[in-house]
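Heads up: the protein sequence lines correspond to chains A and B, in order.
The numbering of the first sequence is my numbering, which starts it at 1 and goes up by one.
The numbering of the second sequence is my numbering, which starts it at 1 and goes up by one.
The hints are simulated quantities; they were obtained by calculation from the structure and are not laboratory data.
The beta-carbon is built from N, C-alpha and C at its ideal position, and this holds for glycine as well.
A couple of the hints might just be wrong.
Said to hold, decoys possible - SDA-like, lysine to any residue: derived pairs with alpha carbons at most 25 Å apart:
id, chain 1, residue 1, chain 2, residue 2
1, B, Lys230, A, Asp40
2, B, Lys123, B, Lys65
3, A, Lys2, B, Thr257
4, B, Lys65, A, Asp49
5, B, Lys65, A, Asp81
6, B, Lys313, B, Asn430
7, B, Lys228, A, Gln39
8, B, Lys243, A, Gln39
9, B, Lys65, A, Asp40
10, A, Lys63, B, Asn12
11, A, Lys69, B, Asn61
12, B, Lys243, A, Asp81
13, B, Lys261, A, Ser61
14, B, Lys313, B, Ala238
15, B, Lys243, B, Asp233
16, A, Lys69, B, Lys65
17, A, Lys2, B, Cys404
18, B, Lys65, A, Gly68
19, B, Lys261, A, Asp49
20, B, Lys228, A, Phe42
Said to hold, decoys possible - Beyond 12 Å from chain B on every Cβ pair, some chain A residues (computed):
id, residue
21, Asp11
22, Arg12
23, Val13
24, Lys18
25, Ser20
26, Ser21
27, Leu22
28, Glu26
29, Gly27
30, Asn29
31, Gly52
32, Thr54
33, Glu62
34, Phe83
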Amino acid sequence: MKAIITVLGEDRVGIIAKVSSLLADEGINILDISQTIMQDVFTMIMLVDISGSTSKISDISEKLDACGKELGVSITIKHEDLFKSMHRI
Amino acid sequence: MINPFEIMETINMIREENLDIRTITMGISLLDCIGDDSNICSGKVYDKITSCAEKLVSCGNDIEKEYGIPIINKRISVTPISIVAQSSGDYVKFARAMDKAAKEVGVNFIGGYSALVHKGYTKGDEEFINSIPEALSTTNLVCSSVNIGSTRSGINMDAVGKMGNIIKDTAKASEKDAGFACAKLVVFCNAVPDNPFMAGAFHGVGEGECVINVGVSGPGVVKCALEKVKDGDFGVIADTIKKTAFKITRMGQLVATEASKRLGVPFGIVDLSLAPTPAVGDSVAYILEEIGLEKCGAPGTTAALALLNDAVKKGGTMASSYVGGLSGAFIPVSEDAGMIAAARSGALSLEKLEAMTCVCSVGIDMVVVPGDTTADTISGIIADEAAIGMINSKTTAVRLIPACGKKVGDTVEFGGLLGSGPVMPVSKYNCSEFIARGGRIPAPLHSLKN
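The shape of chain B in the complex, shown without the other chains (with noise of 0.2 Å):
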């Protein structure tokens, strides 16, 4: 039998460290549904979803009962659809196939509402960009997400330019949300294929017909773990943190295989991120205080970060036979108590956060600004990430919410997992000259790195 002392951490870690299974998420590929009517298109989009994630719910519900572990989201990506509908058109129709989908089989999120211009934009590509603001605010669990560089084909600046108007546009078609809307909506720099977390999920085009992605959790965990090492040095940090790591991503593994196994799909990847949850004692902030700051967001935040991202990828990596997607340490500012609370005092700031994202996944997420921000400011924070990305071969992404009539020193409320926010200060100065310029900033150099 097991060691009684692995048994009650086990339990413990499920019990009061809000230990889960974050998602699990089933990718689809929607691109034997192409054609050029759009109406029968949606049809089989609609189908073909309903189909293969019939039993994904029951099947995770029945995973969760049987091992004790609780499965948080069950929610589905599927291809690009500005690839899927680009022939058919009419876009929109392909955002409510897809909610109603997501509704007939009981996912709470659907993403894949999305379009890769990392280079440049077809027509169709353009005029799918126009429809995401009706998209996502006539719907409910559709998310959607755009790819606007990548580090071989440096950055399309006049997708940048466009996605600050759509950012805006999205948050006031949904103004009586408080802009709600563009909490489904990410701006991506080498976004990644098989990423299983919402909003930015999507299901390649290299992916196969359908698979099964796992999302782990577990910030409660790592910070009760590195609260029993309170003199460790650095060295000792890492390893309790690849220890934790390595246990988390097992039973994600565990999860992984059995649900690949019951659904009869292929197992694809677990993605390692620590992802955090407004619920106190799931803060990946916390766990940076908990090594030594008083505040996330004081100097030192940064470095500790860093630590912290890569060791859960080196104790993550051996737990799991594939990891993909993001595999990092999530910052969004309102799914975190701490993020919120370091934001809310002043301590963390935009800028602050920006550099933080040069270490970790994923960028600058979840964070509420002023309702009067201008659409070029946005894309100006939006190209920054989208070069801290570029330059470093990482994925970065900005969720931004402008808040419509809002400002500093407010609060806005999502609710559920996505938490509430404060709304942060953003620089004001001007870039709309910079933005303005468009074109594509060219991929960078791969030697001479310094």
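So that you can see chain A by itself, here it is in the shape it has in the complex (with noise of 0.2 Å):
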């Protein structure tokens, strides 16, 4: 299954090393990673593939949300199927 990780808030040094080293630890293959500057706020997006974890999406997702505190932003993760469904016909 593909989902979506958003990362938003003020840039700092570390923010990918330390997301991507939480996925590569759950065994989540990252597909596709862009980073940019949207309305003055750090906006990471990354699709991954989370079908080789072991690990269900919502306990990902606590360890992400944990991860995001420590770093000061916002992390989330979403099915990819939700963006499709809402802006694709």
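Put the two chains together into one complex; each comes in its own frame, and the hints tell you how they fit.
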């Protein structure tokens, strides 16, 4: 299953490193990554494949949430289908 | 990969603009529970509800976590109890069984303590209606509705007269909670059998064994989208609402399909209603004000609401394979921060609300009136609202709370999604003779329309 992770907040050293090492530990493969500053906010969007992970998406979500708090940013993970259904016919 | 702006739009809708799925409602048929022993029947009702809906809440929670979409309520609607319990009687026992079952499976409301008496009532229906005050004041999660009129059969004025008294009795029976039980009682004209929203949800007799209906939300999202087109004319406004409604509804369709697949229960409908909450930024009234009104209730409110309601339907219809339920903008006063403010400041009157209900769903909803409002006046308000529904072939409803001991200017706190309601003034002129006539207002003509 594919999911989209978003990271929003103030830019600082090590955000990508920290998030990607957490994902690596969980066995989650990063398929695509983009990073930009949108309306003055650091915005990172990742497309990931979580089928290789043994954790449930809800557990991954909690871990990402804790990681986000540590970094002072907001991290979400949502099923790719949510975005597809809202923006594609 | 999906465009980053689209991704951020969705994330913002959920994070900042209160986008959520308002309710996943499981409709359950109880027709196979009918029998002549109320103990056995109510036991069957409990068993059927708890077995069908055993996984409803956990499934809703799983979808919520997996897709990252807040799903606020998980609810159940059942076959009208006046039908299910008519051969056994002892109606309140069924309300208790429903309440117990709802608590067991963890839903926050169960609807269907209902009767359909739009043309006339059977002996059983009458006894059932008399049981409503006790049923609602001695249970926590049971919601009740009574359909007193329809476009095809006219308005049962005997039932209208009775419901005025029932609402008063229900308020009195829950006096210590400021008449809270009345918030769980809706009087309908043209009630729909697949409505997922409370308090009016019931599982109609033409429905299947068990279905999943979903109600979406999103007034905050519509308002935020309109903030970006400040200079647009009405074409732009309608278009913006349509596009937003499309996206909101697609999310509802996704959740409905997924819940139906996981629970092994057919998908019924997505209800396109824009349902507000008392949270700031989740208000239908604020959308109307964003369109250009100083306060909801100002001249132009009905036109703005008509545009909003129609555009939501146009956008939403294409986004879902099956649309149903009430599908329109809700204007419950106590559940909408903008409506509360408008009513408190005097901008919004009961009469203006009535006009607004001509162009949207559902009706005079969650309106607190003074405790000394007479039963006949309440019946008069119900009759007016039912007439609007009957003539315009639409659903209308009345959910009034005559708050014991409260007068105009006071506020009643309900808490949670039900919010708080300022006590609104009602006409001081009497309609007792009109209500006392009884009988039935004949069904209207459907040609020569002007």
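Checked hints:
no., hint, verdict
1, Lys230/B with Asp40/A, "23 Å, holds"
2, Lys123/B with Lys65/B, "48 Å, violated"
3, Lys2/A with Thr257/B, "18 Å, holds"
4, Lys65/B with Asp49/A, "17 Å, holds"
5, Lys65/B with Asp81/A, "13 Å, holds"
6, Lys313/B with Asn430/B, "38 Å, violated"
7, Lys228/B with Gln39/A, "15 Å, holds"
8, Lys243/B with Gln39/A, "23 Å, holds"
9, Lys65/B with Asp40/A, "29 Å, violated"
10, Lys63/A with Asn12/B, "21 Å, holds"
11, Lys69/A with Asn61/B, "23 Å, holds"
12, Lys243/B with Asp81/A, "19 Å, holds"
13, Lys261/B with Ser61/A, "23 Å, holds"
14, Lys313/B with Ala238/B, "11 Å, holds"
15, Lys243/B with Asp233/B, "16 Å, holds"
16, Lys69/A with Lys65/B, "19 Å, holds"
17, Lys2/A with Cys404/B, "55 Å, violated"
18, Lys65/B with Gly68/A, "17 Å, holds"
19, Lys261/B with Asp49/A, "22 Å, holds"
20, Lys228/B with Phe42/A, "22 Å, holds"
21, Asp11, "16 Å, holds"
22, Arg12, "20 Å, holds"
23, Val13, "22 Å, holds"
24, Lys18, "20 Å, holds"
25, Ser20, "17 Å, holds"
26, Ser21, "22 Å, holds"
27, Leu22, "17 Å, holds"
28, Glu26, "15 Å, holds"
29, Gly27, "17 Å, holds"
30, Asn29, "14 Å, holds"
31, Gly52, "17 Å, holds"
32, Thr54, "16 Å, holds"
33, Glu62, "9 Å, violated"
34, Phe83, "5 Å, violated"
In terms of the numbered hints stated before, the structure departs from hints 2, 6, 9, 17, 33, 34, listed from lowest to highest.
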